[in-house]
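Novice: The residues making up each chain are set out below.
Protein chains: 4
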Amino acid sequence: MSHNTFGHLFRVTTWGESHGAAIGCVVDGMPPNIRFTVAEIQAELDRRRPGQSRYTTQRQELDQVRVLSGVMPGETEGDYVSTGTPIALEIQNTDQRSKDYSDIAQRYRPGHADMTYDVKYGIRDHRGGGRSSARETAMRVAAGALARKVVPGLRVRGALVAIGATWVDRSRWDWDEVPRNPFFCPDAETATRWAEELDAVRKSGSSIGAVVEIVAEGVPAGLGAPIYGKLDADIASGLMSINAVKGVEIGEGFAAAALSGEENADEMRPGPDGRPQFLSNHAGGILGGISTGQAVVARFAVKPTSSILTPRRSVDAGGNAVDVMTKGRHDPCVGIRAVPVGEAMVACAIADHYLRDRGQVGAVRA
Amino acid sequence: MSHNTFGHLFRVTTWGESHGAAIGCVVDGMPPNIRFTVAEIQAELDRRRPGQSRYTTQRQELDQVRVLSGVMPGETEGDYVSTGTPIALEIQNTDQRSKDYSDIAQRYRPGHADMTYDVKYGIRDHRGGGRSSARETAMRVAAGALARKVVPGLRVRGALVAIGATWVDRSRWDWDEVPRNPFFCPDAETATRWAEELDAVRKSGSSIGAVVEIVAEGVPAGLGAPIYGKLDADIASGLMSINAVKGVEIGEGFAAAALSGEENADEMRPGPDGRPQFLSNHAGGILGGISTGQAVVARFAVKPTSSILTPRRSVDAGGNAVDVMTKGRHDPCVGIRAVPVGEAMVACAIADHYLRDRGQVGAVRA
Amino acid sequence: MSHNTFGHLFRVTTWGESHGAAIGCVVDGMPPNIRFTVAEIQAELDRRRPGQSRYTTQRQELDQVRVLSGVMPGETEGDYVSTGTPIALEIQNTDQRSKDYSDIAQRYRPGHADMTYDVKYGIRDHRGGGRSSARETAMRVAAGALARKVVPGLRVRGALVAIGATWVDRSRWDWDEVPRNPFFCPDAETATRWAEELDAVRKSGSSIGAVVEIVAEGVPAGLGAPIYGKLDADIASGLMSINAVKGVEIGEGFAAAALSGEENADEMRPGPDGRPQFLSNHAGGILGGISTGQAVVARFAVKPTSSILTPRRSVDAGGNAVDVMTKGRHDPCVGIRAVPVGEAMVACAIADHYLRDRGQVGAVRA
Amino acid sequence: MSHNTFGHLFRVTTWGESHGAAIGCVVDGMPPNIRFTVAEIQAELDRRRPGQSRYTTQRQELDQVRVLSGVMPGETEGDYVSTGTPIALEIQNTDQRSKDYSDIAQRYRPGHADMTYDVKYGIRDHRGGGRSSARETAMRVAAGALARKVVPGLRVRGALVAIGATWVDRSRWDWDEVPRNPFFCPDAETATRWAEELDAVRKSGSSIGAVVEIVAEGVPAGLGAPIYGKLDADIASGLMSINAVKGVEIGEGFAAAALSGEENADEMRPGPDGRPQFLSNHAGGILGGISTGQAVVARFAVKPTSSILTPRRSVDAGGNAVDVMTKGRHDPCVGIRAVPVGEAMVACAIADHYLRDRGQVGAVRA
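Residue numbers (our numbering), protein chains in the order written: chain E, 1 to 366; chain S, 1 to 366; chain V, 1 to 366; chain C, 1 to 366.
Hint data in this document are derived by calculation from the structure and do not stem from the laboratory. Some hints could be false.
Copies of the same chain look alike in the list, so a pair counts if it works inside one copy or between any two.
To be verified - Mimicking SDA-like on lysine to any residue, the simulated pairs with C-alpha atoms at most 25 angstroms apart in a straight line are: (1) K203 to N181; (2) K327 to R49; (3) K327 to S280; (4) K149 to A21; (5) K203 to I34; (6) K149 to P73; (7) K327 to E263; (8) K149 to G122; (9) K327 to S171; (10) K149 to G74; (11) K327 to P73.
This is chain E alone, in the form it adopts within the complex:
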């Protein structure tokens, strides 16, 4: 809802800096009597974890999550049942080479939040980006693993659909392909091409942007709270809050601007079960801020990270002109690891709205 908390009834509060002792989150509002395992959370974290290929930062974090509260132990170790009280999750930070950053303590990296944090707070944890580091998103992924459990039948999947100007070919879209390549790419041919292109980017010390698509299936019709808590507005807020995201769209998104009303309207016919069935999904599963029962489709654009080896003109905290080059370990395409993060934010927004309609307790009583 605000500051370091996302959600209204399914509330995720994250804390921690890139190079502090630990990072963590509190999930407040998890319905009671929901079974989950620490392995399920870990599996999601492992998808986001750095150091898994040469296309992501070489920082090695085991990202071993612990469940500290809000549960009763299940039958085997690592099995839990939620009790309805806040669930605290925590990951110790282990691989922190703070010295990598010492030379940028007083320098503002262009395109980074260095200057704005200093202006706002008058103090900044410069080590690894501090609070503005993408490391915070690990806890979103952990919380998202719980959110996925809240709505029965919910399935939230994501894929990278563009790196730079190279888009996937939707005619070859195959969800099964996504975990098979290091890009979350649903199209094997495009993945091969991306590998070549990213190698060039990496070797030149540069970086490149990307576009991520999230598809949520099994979203019950009726979720979303008009006017300012529309499901799409909350998804937009959640996705835009991810590091480096500069654009968010639902369904046709910006392409809808060029369509006519005839083209864009999703017609309906009675379905086999007598309920309204849509003949298309330009709307991305949301009308008037409320889910239609179709798949919710969201995309977001991730800018190229400014942590590059090419020196850029900047200033330091004292107001002097300096040139800045980032030597730390970084991702040539931060958009890749944003895929599980985007899934998590969409899952959290949907879980939150599910509880707004059904209540924390009502959700498991129906």
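Using the hints, position chains S, V and C against chain E.
Specialist: Chains S, V and C only, in chain E's frame:
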């Protein structure tokens, strides 16, 4: 923050349906001792008001706003000074031809919120779209007029940058041109072309999408509350909550995905006053969710309205196949009137963050 | 939740000053498909309305409430069905003798909020107390009338249990007596005694304090959100926010401090239906912040109003010593009219927690 | 603001159960650049810590707090400077004799939250009371230590003013006496008497209630957000949310009910500095929900714990009649350890309102 309220410390709660007795809003958190006139609010409302050209709905609403609370009268009639207590604004609904809608009471218009409201609430005010009508946005505009007063030196302007596939020519951008044509177009030549294109759309009973750009100047550096209350996340939420909006972007937006880190980074040099000065604004004035002091630039895509004269396949509330054609008075391009609404949402988000940093009382004491 | 809004899912936002054009509220979160009549709201307002006996202020307000949004008309005039969208209620202010207050515009009445509003906001609507007037509580009562409809079987009643040092005799408690006397007194004999005592207070231009008791029956077991949204914490917040209230207690309240664990514990035995049945209700129907299913019992103390005819030493806005005497029309015992207000706050808190558990939509689907 | 979070801009979210791996809290909204030491937090925790005298539970918890985020290290170990990002505090649970509770897993202790948690959530962590244990209040005390740092010059102190029917003699009130006895008693003679009385209670396996008084000095005039975020309403909510609290009052509190307007009004005269000076403080430092600049005075009643050795009639989870006796280590008077908890809640409420007025950043910029 939720449901029918936007904002955290500058909180706007709107109420009312298209064809109810009135619509209104409560602005809670307005700092005390700020002078404003009802004419200033009315001027903003008049920019959004329907019936002003043949390109917007012919519904005639005077949209005469009244200030019911939260103020002491100033020296002349219609002058006010805020007292720090909630300001209630209200507009009577006067021109309601409910009969226009009687034939769609039981039919779901494709692309409209008819079906989703019914699924969610089990009841729906079908007259003019009820709560899902764009009429609600009048109160956003009214609240935005107050938000503009909160931050000294803030200037929020908007323009339509695309209708359908026709974009403005940025080399001809002229803010002075915006109020001179019925499209909020900053480019006279494009405005002429749009006039022709929209005439064709209107005559065929069709509709077309659009893209709006909002530019906020005078935004102090340092506004924005990481992690989940980032200024861009709140702007995204506010803009996405506007009727028919399907995409939101900040600065380079989706185009950033195709850029390299070198291209996208905004370099800095010490400015004449010794403070950091940016050499470009790809970021759209926001880094790490915090304003940089540059202009905040946001764009959003508005889909074509589904209220068209061409019959579309649909179902009715009883589950039967029907064809739906909307005969009411509607805008061929709802994106036009979204310009002042977008300005208002950006102004409200900025005012809210200004107060989060400085406090309701501190904002006027500094 | 904050400032001028009470509640989390059943959210009541009030606005308006004693001598402005109108007062009103927005009830956001009312479940859909709940039938109510304007007469039901009016009936509650009439119980709080001033000018009904010589023991309350002679200000004559018809307090005629209007329903402006959030409803579809029912079968007869004044009948409504909620649609799930915000319900706006409004009362025009009609009898405003602002001149009565002109001599206290610059003087701080001891015991009033005059000085604190000036210190906080640097401006104050002095007419009739402005926003700090008890007139605001009319909208709480109106909202409470809707809250009562949210929880099936809920019955919230209140009574005055003490004026000054004179307490009702609980052995004579008769709810049917409450509407028969001008004090909401459940004990006819005490009502007679209060009439005499209050006549003396009124004639001397003085005022006296009171204690109100609210009893809510039909509260489902399980309502209340540990830790900081406990049902008793929210009731305490709601009651303490009523003008002139200085103390709140639940069940045994302060008397519990003098009890032993044996005396205070409410023992249980299996009830006729097999469910736990309490043998006493020292807890006032709440354990660990969660309702037990017994009657929720709350009491609050109302201080004597400081609007008295005896001059009191004070200062003016310029810092000069002055003597202040309030000549306006006031209640000798403001606690009397606080009874329906207390009922409303308890009803709102219970409705809010009912929705937190079951959701806005789930509440009417079970 | 809700559920497991207290506060609006100074937000404290606590998590953890009595017998889980750890307990903790996240303090979101701490202004940047505030210096504090872990020793300062520890000192407050040590005042609340159990096992320090024979009058409190013999459970031995070192309650060693760690600071995990939101800070930059200061010059010496354990010194910190806040950065404006969330501060996570954590305490490992070390001394958990869960077996003590095994026999009450299925039995509802009268006066405890056992039954209500089961009814609400359908599951309950019975070990040591789980989430409903007073152990959670350790994190309130830790957060309160930070809250005390937010408002310059703020001093919040508490004292026990009654155990059972034995009240302190206010004519002997000496704040210096409070830390010298195991009761936080400001009156040495009463402390001696309480020692005798409590010995008897303890030996009989019984328990007794208490009343706590909190006095906050150095509260700036003007804090408090009418109407539903009044300073006294938020203090009432915070204090009522403490385990076993059944009543809260401000200033004269319930005694005000028996006073006349003349007696209760706090008269004013110009002070030496020309500003209004109160001649008394019946109001407890709050008028109209806004602080007057005088000391804020709050009291709360703590019921006797129901964990007693005398068997009480009850039921078990299966609905059978059982007798329950609590054999665990418990406090004969839980009100004693509530003193630092009450201080913490008042400090948090004041810090929150300080930030609402001045903003998170503005608070340290003035």
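Novice: All the hints need checking, so say for each whether the structure fits it.
Specialist: Taking the hints in turn, this is what the structure says about them:
For the identical chains of this complex, K203 and N181 are intra-copy neighbours only, at 20 angstroms inside a copy versus 51 angstroms across copies, given an alpha-carbon limit of 25 angstroms. Taking the shortest alpha-carbon separations for K327 and R49, only the intra-copy value of 20 angstroms comes in at or below 25 angstroms, while the best inter-copy value is 47 angstroms. With identical chains, the CA atoms of K327 and S280 are at most 25 angstroms apart between copies only, with a shortest distance of 24 angstroms across copies and 48 angstroms within one. In the homo-oligomer, the alpha carbons of K149 and A21 lie at most 25 angstroms apart only across protomers (23 angstroms), although the nearest pairing inside one protomer, at 29 angstroms, exceeds that limit.
Taking the shortest alpha-carbon separations for K203 and I34, neither the intra-copy value of 47 angstroms nor the inter-copy value of 43 angstroms comes in at or below 25 angstroms. Taking identical chains as interchangeable, the C-alpha atoms of K149 and P73 lie at most 25 angstroms apart only when both belong to the same chain, with a minimum of 17 angstroms there against 39 angstroms between chains. Taking identical chains as interchangeable, the C-alpha atoms of K327 and E263 lie at most 25 angstroms apart only when they sit on different chains, with a minimum of 19 angstroms there against 49 angstroms within one chain. In this assembly of identical chains, the alpha carbons of K149 and G122 lie at most 25 angstroms apart only when taken from different copies (18 angstroms versus 41 angstroms within one copy).
In this assembly of identical chains, the alpha carbons of K327 and S171 never lie at most 25 angstroms apart, being 40 angstroms within a copy and 39 angstroms across copies at closest. When the C-alpha separation of K149 and G74 is checked against a cutoff of 25 angstroms, the pair qualifies only within one copy, where the shortest distance is 16 angstroms, while the shortest distance between copies is 41 angstroms. Proximity of K327 to P73 under the C-alpha cut-off of 25 angstroms is restricted to the inter-copy arrangement: shortest distance 24 angstroms between copies versus 44 angstroms within a copy.
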